[in-house]
Amino acid sequence: MSELAGTPHAAASHTGAGSMDATATKAGPGRSGLAGFASRHGIYLFLIALIVVSGIVAPSFLRGDNISNMLMQMAPLGIVVIGQTFVILVRGLDLSVSSVMATAAVAATSFSGTNADLPAVLGLGLAIGLGTGLANGLLITKRRVSPFLATLATMIVLQGIRFAWTQGAPSGSVPPLLRTVGSQAFYGVPYNLMVMVVLAVVFGLVLHASTFGRKVYITGGNPLTARLVGIGADRVTIACYMISGGLAAIAGLVLSGFVGIVDNWVGRGFELDSIVAAVIGGVALSGGRGSIPGALAGAAILTVVFNAVLLFGLPVQFQIIIKGAVIILAAAFYMRRAH
Amino acid sequence: DWYKGAPRTFLFNPSADVCFKDTSQYKKAGPYTIGFSNAGLGDSWRVVALHSLEKAAAEHKDKIGKLLITDAGHDDAKQIADIQDLVSRGVDLLIVSANTEKALDPAVSRVMKQGIPVVMVDRRIASDNFVTFVTASDNMEGRLWAQWLVEKLNGKGNIVILGGQAGSSPNEARVRAGMQVFDQYPNIKILDTVYSDWSPVKGKQAMQAVIAKYGKDINGVFSTHGLQTPGSIEAFLEAGFKPGEIPPHTTADVNGPLQMALKYKVPMLEVGYPPAMGGQAIETALKVLDGAKVPCITEINSQIAVTRGDETPSIRPDVYIDEMVVKDGPADMLVTGGMGPGYDPKTFSVDYPK
Amino acid sequence: MLTLTGISKGFPGVQALQGVSFDVAAGEIHALAGENGAGKSTLTKVIAGVYRPDEGAMTLDGKPVAWASPGEAKAAGIHVIYQEFVLFPHLTVAENIFLGHERRSRLGLVDHRRTRTEAAALLLRLGVDIDPEARVSELSVADQQMVEIAKALVHDVKVLILDEPTAVISGREVDLLFERLHALRRQGVAIVYISHRLEEIFAHCDRVTVLKDGRHVATRRVAELDRDRLIALMVGRDMRELFPPKRPAPAAPRPVVLEARGISVPGRVRRADLTLRAGEITGLSGMVGAGRTELALAIFGGLAMSEGTVVIDGTARHAMTPARAIALGIGLVTEDRKGQGLAMLMDVAANVSASSLGDVSRGGFLDRGAERAIAAEAIASYQIACRGPDTPVAVMSGGNQQKVIVARWARTCRRVLILDEPTRGVDVGAKMEIYRIMQALAEAGIAVLMISSELPEIVGMSDRVVVMREGIVTGELVGDEIEETAIVGLATQHAAA
Amino acid sequence: MPTSTPTTSALPVSAPARGRRSRLGRFLAARTGIVTSLLLIAAMLAVGAVLSDRFRTAGNLLNVFEQSSGLAFVSLGQTLAILTGGIDLSVGSLISLVSVLTAGLIDGDSARTLPVVAAMLALGLGVGAVNGLAVIRLRIHPLIVTLGTGAILQGITLLYALGPVGSAPPEFDAIAYGKLFGLPASAVLAVVAFVLVALFLRYVPFGRQIYAVGDDAHAARLMGLPHDRVIVFVYAFCGLCAALTAIYLVGRFGSGQPYQGANYTLASITPVVVGGTLLSGGRGGVIGTLIGAYLISLLNNLLNFMDVSSHVQLIVQGLIIILAVSVYIERRRSIA
Ligand SMILES: Nc1ncnc2c1ncn2[C@@H]1O[C@H](COP(=O)(O)OP(=O)(O)OP(=O)(O)O)[C@@H](O)[C@H]1O
Ligand SMILES: Nc1ncnc2c1ncn2[C@@H]1O[C@H](COP(=O)(O)OP(=O)(O)OP(=O)(O)O)[C@@H](O)[C@H]1O
Ligand SMILES: O[C@@H]1[C@@H](O)[C@H](O)OC[C@H]1O
Ligand SMILES: [Mg+2]
Ligand SMILES: [Mg+2]
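Chains as they are written, first to last, in the working numbering: chain A, 316 to 654; chain B, 6 to 359; chain C, 522 to 1018; chain D, 437 to 772.
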């Protein structure tokens, strides 16, 4: 009774025209034709419309270098969003991603700064991410701490550890290859985007085609069912948090290559932005609903909106304002569709 | 080789009377308990400044019985609490590096009212309710940077201000002083002011947005410290600016921007803001507790360096950037650290009185 | 006092009410009868303003009314005791009773002392010993029901509706309840009484309205009816026709497949023994709240038992988990379809394969084709009405949803299938289909355990019946012993030791 | 909100416990949060007293009291939102907005104090009401609604001021640093506010209904309780508390800053949960929150006295959250 189902909107739907569960489906039941198509693929249509409109209003929007730039900016967010999607699907959320990102990035600078360190950098980063994910998962499943608080707490603890480790400020530099991945492009295609795409494909397959992915949806869709059909819901949940932690670590490493110099706040704001992107992309906080392509579309929308606001000549502040409006509108859109 | 003289802001100060404070009322017998309320760590400048302060305290073990250090993590509310806690612990003198100049004003003023002397370091409060402020003249830095940009651009062009932490006194003072210069040139236009929190990562993100908006119209970047400057240069490179095309940048203290200036042929002016002022704060504190006269603003000297060929009529360097840079050193190293050879912020540890 | 004319209400996939007319007069107890899913609760909720009817009109005291919210109906003097409790687990009993009608001091503030004493008095009047200071979450189901009833006595109500209030209480508590109802009737309250216990209808009600599949069948004076005529109205046919003919008992005793020994679940089940045999349908009966569900869950590994063992084919198993139970060939159709049985957003195929993902995956990846094929087969052989394997279960009717769950477990249960209230809220057709499947599974040698609160079903289907009361197994009936009165006797008998 | 996990969704079964518990036992059991927090506070006081005689001075402990008031004010509103099973993540941005507007509009001119303060309180109330309306009308989870409105408010704040603005008139100083009966004025005000709200929650029917809505919103609607009014009320109240906090902070900082409130969004939740209010709603109360806020300030104070580095302070803070919330989990039996 304590998750989304216990909150006003869900209750509203109980007393209203049948429960949300009873009518909401991915397919948008009862709708067909153009309206159904628009409803099912609304997020992608919206993204395309946004791009077209931006291109018309500000022609420089569609310039190669601008697009390349946007893609480079989107990639780290996209990587985090993939993990966040797994976690939200099992009715959770992960606020510790930004702390994981920064810690992995800081860890990347604690070697000699050559490519020979790459395995160590990657290993240590992943260890941090997976370890945090494991801690989150255990707190949430075994100690039954709410995901919000569990990941908030690990976020703070990790921040303390990071500061203690760096004595206040990270120093040193990241391996050159990370530099390249984080800040270069290959014929206009940023390397970090390639990393994101590879991860999206791999984890997209895991989520949408593998047995594990099915377990994720069942666990999030109905945890009790999951338990009673012999799916180790706890293990699935822990795995999701580890995926989120691991991907956040990779995103942190990629982002550390963005400037080459690392500070304590690499990834600041990603914890909420990644949730926002996922929600815009149709991942439901109530669990069991959403997809990786949708979530990535959400990340793309955020990136495009940010970029377009500037190109339209609006003050930077409108980036935040429009972000706020988009998230409410998107959530309202999905709510409406569910009814 | 470098300029080693007294602070030029003092020597060249044209006013007849320089403000001095009588501190006899604070005279006390040692050993002292000194408190240091730090705004926070988080960037390499602040770490070196803290180490410099600890080192100086260690060198004065005879006089200092205890040095109590708190760190507010860049949170105004916590810093106020920290200051209250330090006062509760019975400090004889308080050194404060205020997170933001206005927010800490009431709290610091209060301490002074209670009769405890306050020495500000690096970041002051808005009012003058302290004994002295140990700094390296943010005003001079700001004016020199602005004057140089104006002269580089022959009085005409578009400037972006890349700030540090909004509301922190060094940032505000440097921008204010810079604006006093820019305002004299009607053909200089400030396109935008963005903030980086002294972080190269945030600096790069902020500059990317600005470059997306203005592109080649940007003629100069007024960066209020070296911590964020590399982010800006990176953003230009990524936007397709070739070496030699990147507009002039200003910087301070940090090795990375100097390396980049040489590598990508970025015209650059460095005006130092040495973290060694941490140690100076301890020296000044001891003077105060000894009842000696101290200047209202204790400025330590800054180095001036430019890329070769980029000196202007008003800006004559002490050294060239290629002489100053530590070629193979880490990018985040503080070239003006003054901590002596063999210093490594990661391993530094000193036995100061606790 | 209250009249309804031509009320219709549909839910996606179900027409819960169709043109129903109904009225209840002041000082009358009007029973509402009908099978599960007939629409009784839905009608209740229409009267209470929870649902807005799609069609039809309502009048109260002769004036037309249309509620915009439950609050309006309440303000107009309609009080409902819902089938599902409307209690706040973290609040105390006293607070629950007076919620929305707080006892106040002269200053208009909540008077907690008065709330407490009045609640105590009220409970005393009802004749139950419940601590008004206890949190509702600490109470037994029966006590929670008594609190629900107490709530109804607080206000001046014009219309009181009770939706199966006696489903979880018994004996003395039932008598006390009716004492109250008669008193209210004398005061001119209009009472709508819903119950599956027909004897209550005959003993206490003035008129009865029968619903069937959402339609109004008849309204009669109780005095004009007898039990058989009422059943005929409700079912529309002889009950016996519903059930497949029982198979004769075999000559040799059937082999034991599963033996539960001394199972305890703290607070719910005490040292229960249960034996299941291959090819036999065992009915597990008792009042709601008797602990049957918990016993089944404990056997299945879904609930931790504090003591006891489960012996399967001669091997004792201690730490059972659902995964282990499934591997051992046990299946469990849970009583709560939506809450526990199905992932509502997912499609038929995914729900059918949920307990046998291993069968539809290759190298860690799902073989969607195989999965759909299995689902298609299930749809055909169990006559599941849906658009196909890709239909989200959320849009399907309750009976078909139930068949999806049965299909899931029929695939994986090699030894034992437990069905907890398998026909709750499903229509007659689906019921018969489920009975047929149960019988077929038993014929195939599977030990079937059916938990049911419906006596006819228990009687009609079981080869053997085990009865529980308050967590204890009170008896076992076989063959001709299996009849309603014997079961009721065991279900209400006071626990011995 | 996703405050629960697959594991916590348990079968709704509980043991029949007919036996009457003792009054005291029941009283304490209902207040695990408060009891645990008080025990922790006692432990900290003991450690601190042994450590330093300056720690145990009244002056120091009163300072801690004063230091907790800002957090206490925001958390007061947050408690009500959480009691209904919701959450308000817009408080930080609202504090920022109100603080720049208050300082900017008054700008040291005492004559403007009253109208501006009144307008700001109305603004807080209004923004909160909009949050509440969005929650019930759009049927979006409060976490999302307030995340969205929070972003919008932050953007507006930055449109108004990119850096510190304005200044507080002298009378603000009295709220922030003044004394009342020898006690810190802000803390006295906080205690008064908390006690009033506690009384409201306990003695006004509407207060009880807030609990009912948080306990089971569906049941509350069936009961005809004013569910929607409760939701709008708690978010409006939460906005009002955020505005109050902002005004207090303007007094404490002497100016307004566009990121003033940023730290308070997540921080405002900690005292609530540490004080024993369940994130899932329906159980807890504001007195626990007040104690929780004091506990957090005391923890900072003690760690300062112990010369614990700020890094370790963070770690300890995170661990306290984990410790606190895992003590109060409701023990429910669940499937598997
Ligand atoms: N909220 C709902 N959404 C979808 N279908 C519903 C809903 N409520 C009831 N139904 C369906 O409407 C039909 C009538 O249900 P209702 O609960 O009124 O029956 P009932 O006569 O009260 O049965 P029981 O005796 O089992 O309580 C059933 O098929 C049921 O599944
Ligand atoms: N203390 C309780 N609080 C809330 N709901 C309860 C409580 N006890 C039982 N229920 C619910 O009431 C229904 C019937 O009770 P329960 O499951 O305990 O009985 P049972 O032993 O399964 O009875 P049955 O013998 O009918 O299967 C179930 O749906 C259960 O979830
Ligand atoms: O004074 C500034 C200091 O406060 C900041 O942290 O680093 C850069 C310096 O210029
Ligand atoms: Mg019913
Ligand atoms: Mg049951």
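In case anyone wonders, no lab produced these hints; they're calculated from the structure.
There may be inaccurate statements among the hints.
[What the hints assert, rightly or not] Stretch-level coverage of chain D by chain B, calculated; a stretch enters the list once three of its residues show a Cβ under 8 Å from a Cβ in chain B:
hint : stretch
1    : 491 to 498
2    : 519 to 525
3    : 553 to 565
4    : 589 to 601
5    : 604 to 617
6    : 695 to 704
Nothing here was measured: the structure is a model prediction, and the numbers come from that model.
Where a beta carbon is used, it is the ideal one built from N, C-alpha and C, also for glycine.
Checklist entry - Can you give the numbers of the hints that this structure goes against, from lowest to highest? => result Result: hints 2, 3 break, sorted rising.
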